[in-house]
Amino acid sequence: MVSEYADDKPRDHCGVFGIANHDCAVELTRQGLFSLQHRGQESAGIYRYSDGKCHLHKAMGLVGDVFREMPPEFVADQGSMAIGHVRYSTSGDSNLINAQPFVVEFDTFNLGLAHNGNLSNGGYLRNHLKQGGAILQGTLDTEIILHLAARQHTMGSPPWEALQAALKQTEGAYSIVALCEDGLAAYRDPYGFRPLIMGHLDDAVVFASESCALDLIGATCERDVEPGEFIIVRPDGTMESGYFDFARRKAHCIFELVYFARPDSHVFGECVYDVRKQFGAKLAEESPVEADVVMPLPDGGIYAALGFAEATGIPFDLGIMRNHYVGRTFIRPSEDDRRAAVRLKLNPIGEAIEGKRICLVEDSIVRGNTTRERVRTLLDCGAKEIHIRVSCPPHVSPCYYGIDFPSKEELIANNYSIDEIAELIGADSLAYLSLDAMLSCVQKHPLNNYCHACFSGEYPLKPKAICPRT
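Here the sequence shown is numbered in the working numbering, starting from 873 and rising by one per residue.
It is worth saying that the hints were derived from the structure and are not from the lab.
Ideal Cβ placement from N, Cα and C applies to all residues, glycine included.
Some hints could be false.
[Stated by the list, open to error] For each label pair, taking beta carbons as the anchor points, the in silico distance ranges come out as:
{"no.": "1", "residue 1": "Glu-1182", "residue 2": "Glu-1053", "range": "48 to 56 Å"}
{"no.": "2", "residue 1": "Arg-1229", "residue 2": "Gln-1315", "range": "29 to 37 Å"}
{"no.": "3", "residue 1": "Val-947", "residue 2": "Asn-967", "range": "22 to 30 Å"}
{"no.": "4", "residue 1": "His-1072", "residue 2": "Gly-995", "range": "35 to 43 Å"}
[Claimed, not checked] Straight-line distance between alpha carbons at most 30 Å, and here's what the computed BS3-like set of lysine-lysine pairs gives:
{"no.": "5", "residue 1": "Lys-1040", "residue 2": "Lys-1002"}
{"no.": "6", "residue 1": "Lys-1040", "residue 2": "Lys-1122"}
{"no.": "7", "residue 1": "Lys-1316", "residue 2": "Lys-1040"}
{"no.": "8", "residue 1": "Lys-1122", "residue 2": "Lys-1316"}
{"no.": "9", "residue 1": "Lys-1122", "residue 2": "Lys-1280"}
Between the sequences and the hints, there should be enough to build the whole structure, so can you do that?
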């Protein structure tokens, strides 16, 4: 089993990449997926099209492992269009059948799809399809979307119209890149939960979950794919765009800015680096502390800790080193193994810790297990006091829109007060950034255009639409 103690953080399900009309489509997609590896580490895949021929390669593992050696079909022909995907799943769904891109064969064409998000009515749609005789191989929402599109196609709809009609039957989060003989298309749900960026590389059009993937290949970021928008790039270079659905409000995931997006990315029009430093500065304003040093828990807490240190004048130091080569650790959840998992990934520098009052900045606390072990490790190194500051509000509700949060019962802040949590994890004090302060740090969109359901319990979609995740 995968220990919850090895990495007690929420996980994003996916990252997507697509490029149209470039002679090195496969190689550029591979590079783009490297930049999105933080969004999913369990499987990776690329689907490419060239002169009427399609080829799919996907496997379990990191991008560097899956594409250590390119398949002969990719070596012989890079293709002019390609889409790629990296995925994280829960352990029960960690198998190749759920790896993406997912491809279905129609009578006259093949359609490949890569999807980041989660359908909040996926359970209902899955049951509806099964009752109608559909055979679903895996547990992917992507497969549900393709089955719905297939039904539309049998009624005479061309590929893109069939896909749009399918998406209008769904509720929830999706940022999608799709590929068939008729071109490459991008779709974003009408709430805009997950990011999706469009850019250009010479005459090629590029789509990615985050701008860092465009930076790596030298592409220029142009804009976000708008909520409810579709963009189709034809093989001849012509483009078509429009809106296939609308929502009463936008609901960009605020946790992308807290934790998921890379700090060198721009998402939802915001510079992630700047926003995280502002979170830290606001946290210092709301919850000051007397300390000798501000120290982040790497890597997520670094930029909030920088903002906290700059706002308070307390020295910043990297007193905890992270081993980036451990990966996910398979261990038994005994008391000894919990501590071993922490030591494998994070190692304190005793000289930076001994005798000091430490303000330890975390990006989030979910279950609290690993935070407790980290505090104990710092105390073992001789820390005089440990004051924890968290650069987001307490997590009190699960996410149904593409983040793998634990159940409500497993969230520590849903079961204990802040003072009780401090006592449980062994900290001298504990404070979280307030929701109002967090929202004051984002400027590019009205505040009601952000989803903060994991902090507030206020879901953008009506509760009756929410079904268990698959």
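Handout entry: Those earlier numbered hints the structure runs against, lowest number first
Key = The structure breaks none of the hints.
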